[in-house]
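Residue numbers (the numbering used here), protein chains in the order written: chain A, 5 to 342; chain U, 5 to 342.
Since the hints were made in silico from the structure, they are not lab data. Fair warning: this is a prediction, and the values are worked out from it, not measured in the lab. Even for Gly, the Cβ is constructed at its ideal location relative to N, Cα and C. Be a bit skeptical, because a hint or two may be false.
Said to hold, decoys possible - Here are the simulated lysine to aspartate or glutamate pairs, DMTMM-like style, with alpha carbons at most 25 Å apart:
#1 A:228 - U:93
#2 A:228 - U:277
#3 A:23 - A:71
#4 U:226 - A:97
#5 U:228 - A:93
#6 U:226 - U:277
#7 U:23 - U:70
#8 A:226 - A:163
#9 U:228 - A:97
#10 A:226 - U:97
As the list claims (entries may be wrong) - Chain U is faced by these chain A residues, among others (derived, beta-carbon under 7 Å):
#11 106
#12 271
#13 275
#14 282
#15 284
Protein chains: 2
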Amino acid sequence: MRATTIYGERDIRVEDRPKPTIQNPTDAILKVVAACVCGSDLWFYRGINAIEEPHAMGHEYVGVIEELGSEVTGLAVGQFVVGSFITSDNTCEICIAGFQSKCVHRTGVETAQAEYVLIPNASGTLVATSEYPDEDLIPSLLTASDVLGTGWFAAVAAEVGPGKTVAVVGDGAVGLLGILAARELGAERIIAFSRNPERQALAREFGATDIVEERGADGVAKVKELTDGLGAHSVIEAVGTQESMLQAMRSTRPGGHMGFVGVSHGVEIPGYELFSSVIHLLGGPAPVRRFLPDLIERIMRREINPGRVFDLELPLEQAAEGYAAMDERRAIKTLLRP
Amino acid sequence: MRATTIYGERDIRVEDRPKPTIQNPTDAILKVVAACVCGSDLWFYRGINAIEEPHAMGHEYVGVIEELGSEVTGLAVGQFVVGSFITSDNTCEICIAGFQSKCVHRTGVETAQAEYVLIPNASGTLVATSEYPDEDLIPSLLTASDVLGTGWFAAVAAEVGPGKTVAVVGDGAVGLLGILAARELGAERIIAFSRNPERQALAREFGATDIVEERGADGVAKVKELTDGLGAHSVIEAVGTQESMLQAMRSTRPGGHMGFVGVSHGVEIPGYELFSSVIHLLGGPAPVRRFLPDLIERIMRREINPGRVFDLELPLEQAAEGYAAMDERRAIKTLLRP
Numbered sequence: 005m006r007a008t009t010i011y012g013e014r015d016i017r018v019e020d021r022p023k024p025t026i027q028n029p030t031d032a033i034l035k036v037v038a039a040c041v042c043g044s045d046l047w048f049y050r051g052i053n054a055i056e057e058p059h060a061m062g063h064e065y066v067g068v069i070e071e072l073g074s075e076v077t078g079l080a081v082g083q084f085v086v087g088s089f090i091t092s093d094n095t096c097e098i099c100i101a102g103f104q105s106k107c108v109h110r111t112g113v114e115t116a117q118a119e120y121v122l123i124p125n126a127s128g129t130l131v132a133t134s135e136y137p138d139e140d141l142i143p144s145l146l147t148a149s150d151v152l153g154t155g156w157f158a159a160v161a162a163e164v165g166p167g168k169t170v171a172v173v174g175d176g177a178v179g180l181l182g183i184l185a186a187r188e189l190g191a192e193r194i195i196a197f198s199r200n201p202e203r204q205a206l207a208r209e210f211g212a213t214d215i216v217e218e219r220g221a222d223g224v225a226k227v228k229e230l231t232d233g234l235g236a237h238s239v240i241e242a243v244g245t246q247e248s249m250l251q252a253m254r255s256t257r258p259g260g261h262m263g264f265v266g267v268s269h270g271v272e273i274p275g276y277e278l279f280s281s282v283i284h285l286l287g288g289p290a291p292v293r294r295f296l297p298d299l300i301e302r303i304m305r306r307e308i309n310p311g312r313v314f315d316l317e318l319p320l321e322q323a324a325e326g327y328a329a330m331d332e333r334r335a336i337k338t339l340l341r342p
Numbered sequence: 005m006r007a008t009t010i011y012g013e014r015d016i017r018v019e020d021r022p023k024p025t026i027q028n029p030t031d032a033i034l035k036v037v038a039a040c041v042c043g044s045d046l047w048f049y050r051g052i053n054a055i056e057e058p059h060a061m062g063h064e065y066v067g068v069i070e071e072l073g074s075e076v077t078g079l080a081v082g083q084f085v086v087g088s089f090i091t092s093d094n095t096c097e098i099c100i101a102g103f104q105s106k107c108v109h110r111t112g113v114e115t116a117q118a119e120y121v122l123i124p125n126a127s128g129t130l131v132a133t134s135e136y137p138d139e140d141l142i143p144s145l146l147t148a149s150d151v152l153g154t155g156w157f158a159a160v161a162a163e164v165g166p167g168k169t170v171a172v173v174g175d176g177a178v179g180l181l182g183i184l185a186a187r188e189l190g191a192e193r194i195i196a197f198s199r200n201p202e203r204q205a206l207a208r209e210f211g212a213t214d215i216v217e218e219r220g221a222d223g224v225a226k227v228k229e230l231t232d233g234l235g236a237h238s239v240i241e242a243v244g245t246q247e248s249m250l251q252a253m254r255s256t257r258p259g260g261h262m263g264f265v266g267v268s269h270g271v272e273i274p275g276y277e278l279f280s281s282v283i284h285l286l287g288g289p290a291p292v293r294r295f296l297p298d299l300i301e302r303i304m305r306r307e308i309n310p311g312r313v314f315d316l317e318l319p320l321e322q323a324a325e326g327y328a329a330m331d332e333r334r335a336i337k338t339l340l341r342p
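Pulled out of the complex, with its shape left as it was, chain A reads as follows (with noise of 0.2 Å):
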């Protein structure tokens, strides 16, 4: 089969690999409909994450159930499904109390940009449609495997909800999709952190109701003159340096909540300054499982279109060019179909 896999530095390559095959019996192989690039993986092409030796790529999916193993339970062959970007048994303490990120079974999906994947603990991670989605469906069924999932659990851990104001920063794709899930749980307003005009554009269709251009200092000084010199109730950080996250602190009121999905790079958070703020902090690779079934639900009766911050799509061949785009940001993600 086809497959992506990173040599280096700004060095994506698509290439022959073996089609996987069932190691364990609770694993699935899928046949992939749609995978994409994630911000995440631009920590690796732009030589941030140490390339020790070339190796596959790819974590975002959905597709249509191959083959099960034997003790695969509550799924057939031909499903379509949804998958986390991390698999989980489901069932653990830790899955049950909705952290399904941290299973104690867990395993990352590393090879998803590809025509075929294997996805272990398959029972406790896939969640399948009622039926095959209309086509235009799919990217939207997409971004629920990590990068609406993400947006909402960073819009849940930061607590918003009905009355509450969210600061919103990051205007990669899970800052946007964390704009959408602010606007869903309810948040009365949304101040999302943008400089790209078409991002911003995308912020409002998502939900936005004002743009704050300024960074840093500046920017945590606007958000504190709208909201009568308190800062926001909720804050969502969707990009992981030491100064969103600074940003992200400081935009938050007193007893507030901030909700951080960046992968943490080179992130120090100062102890007293944290003690002082006395915010609630919840963060980490989302627990997306935990959400599937919802935000499936609402992507197959048309509520919401997460789908939305696909703004290339490539044929897998040319999932070099759609890391490029995404890196130079000329594109907001990239989605690839095999």
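Starting from the structure of chain A, add chain U where the hints point.
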């Protein structure tokens, strides 16, 4: 009047100062019935917090209302009151949300180890007892002013509740009262980190079910061993050092809650580790005012006896010895009687 002043490292003196007078119509003057030395006072005493010039000490107090400003409501001269170490209007948006320690009109109390103390924001800060308390209840009521309120906040921030396993880092008065709070809030199992036999005994009296003498990685391993490898649901941090913060973080299970109330000194929280942990964090100066009415009631009904943390009681004149005893860990906590 007589008042406690710090002149430098390990230099505490009790000397004459002018009796305070009403400065604003929202002030109250209390005749102090009892005050005490806080673990956080030791940061000055040990010279870790710089002492720019001699200043008064003390932020924990119970007393009788001596005089009220013209705009104070809900209080009367002669009432016995307990107040928080941070004053608050208890009417702003932040207070209403339960975070009075970050009230927009907050002030610190810094002169309570004295015969009289001025309390700004009196209406929003002081809570009167239903009657003048029995003498033996005074130490317990005094703890509500800070150390019990802080331990209680830590337990609430750590979302302690029925069925939960709680771990408590720090066997000072706050940690010990965090144990008491955890028991009152219904925790199933309470693991106390302590190496000191007297403190272990008090921890057990307050509700600890397990004692762990190991620290750092060994301490964390012990908590994991006691919790099926997962970590505690709720962790209370009551020290404020880098080591104690990491020990607390690493003792918390994924999806669990950590309440940290030790005043951070030199702490840097590693962002990627926090991200990977997927734990809830909330800490800072405790909004004691939120809990005061409930805590006072529990004490007046003799349901709890937090005053047990005072193992040394001295006349105000001997404040210096009170500090020395705590510094040298000869005493857990010193009560001072003007």
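To see whether the hints hold, each was checked on the structure:
no.: 1; hint: A:228 - U:93; verdict: holds, 21 Å
no.: 2; hint: A:228 - U:277; verdict: violated, 29 Å
no.: 3; hint: A:23 - A:71; verdict: holds, 12 Å
no.: 4; hint: U:226 - A:97; verdict: holds, 19 Å
no.: 5; hint: U:228 - A:93; verdict: holds, 21 Å
no.: 6; hint: U:226 - U:277; verdict: holds, 20 Å
no.: 7; hint: U:23 - U:70; verdict: holds, 11 Å
no.: 8; hint: A:226 - A:163; verdict: holds, 22 Å
no.: 9; hint: U:228 - A:97; verdict: holds, 14 Å
no.: 10; hint: A:226 - U:97; verdict: holds, 19 Å
no.: 11; hint: 106; verdict: holds, 3 Å
no.: 12; hint: 271; verdict: holds, 3 Å
no.: 13; hint: 275; verdict: holds, 3 Å
no.: 14; hint: 282; verdict: holds, 4 Å
no.: 15; hint: 284; verdict: holds, 5 Å
This entry does not satisfy hint 2, going by the numbered hints stated previously; all others are met.
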